[in-house]
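Let's have the full structure, built from the sequences with the hints guiding it.
Chains as they are written, first to last, in our numbering: chain W, 1 to 100; chain E, 1 to 173.
Some hints could be false.
Residues from chain W shown here face chain E by an in silico Cβ test under 8 Å; the list is partial [what the hints assert, rightly or not]: (1) Leu-10; (2) Arg-26; (3) Glu-36; (4) Met-38; (5) Val-42; (6) Val-60.
These aren't lab readings, by the way, just hints derived from the structure by calculation. Built from N, CA and C at the ideal position, the CB exists for glycine as well.
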Amino acid sequence: MVPLSYYLVLSGILFACGVTGFLIKRNLITIFMSIELMLNGVNLSFVAFAAHWQKLSGQVFVFFVMVVAAAEAAVGLAIIISVFRTRQTLNVDQVNLLKL
Amino acid sequence: MLHLILFLAFGAVCVAGAVNLLAQRHPINSALSLVVVMGALAGEYLLLGAEFLGAIQVIVYAGAIMVVFVFVIMLLNAGEEERTKGSRVALLFGVPGMLTGSLLIAWVLMHSGMGSIEVGALPGPPKAIARLLFHDFLLPFEVTSVLVLIAIMGAVVLAARPEAAQPKQEEEN
Chain W
1 MVPLSYYLVL
11 SGILFACGVT
21 GFLIKRNLIT
31 IFMSIELMLN
41 GVNLSFVAFA
51 AHWQKLSGQV
61 FVFFVMVVAA
71 AEAAVGLAII
81 ISVFRTRQTL
91 NVDQVNLLKL
Chain E
1 MLHLILFLAF
11 GAVCVAGAVN
21 LLAQRHPINS
31 ALSLVVVMGA
41 LAGEYLLLGA
51 EFLGAIQVIV
61 YAGAIMVVFV
71 FVIMLLNAGE
81 EERTKGSRVA
91 LLFGVPGMLT
101 GSLLIAWVLM
111 HSGMGSIEVG
121 ALPGPPKAIA
131 RLLFHDFLLP
141 FEVTSVLVLI
151 AIMGAVVLAA
161 RPEAAQPKQE
171 EEN
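What follows is the structure in structure tokens.
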């Protein structure tokens, strides 16, 4: 027997770590990984609420979140590769123009 | 009791991995600690009874997506990130504000009396998930399949070298 709030607090901690990483990290790839961490935190609260309300739809939603995360990772990493090709850096401070 | 111990163990691994992701300076170390977080989250899903999601979490997230991340880190030869000076206002007001806010939210959640979850409270076998996915959620499922197709094409177009896109005739001339 674990209270639902424990799961929610854990998911909140993971989400907060993701937000912190998004804000303090300077490497494009690490920033992207922080976004994945946020998505994982949200997924945990989806599954916990699915168990709480006894609805399987919550688990199906996690499935969709994973698919969208996979698509996002593919496109985002392709963008990172092309940014690196034009600027030769992954530091977000030096990527400050949309145009070359 | 065992449920609580397992929850706390997996949760501790999760939080340790997430904090390590923030603390590491080299992206490959961050990627590996993210794999640890995802593996421990799969354990949490199993505790909640979502066995199919636990398997998918390991295969898709910790397997496929993180392999792509590690692959890109090695492809771009990403080194340690440079240390930059943070803003003092963020340190003075942001950190205490965030701590107060999160403690407040945690306190409210702990005292809301939302009840507790048994171990394996809602079994999510592949059969039940598939019935929902291909019946109630058929339209979103098809839409995500189109989304993935577009994402694949977009990734190929974005990551292709500019010279590779041009026709080969110019090389012969």
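**Report entry** Violated hints - listed by number, lowest first
**Finding:** 4, 5
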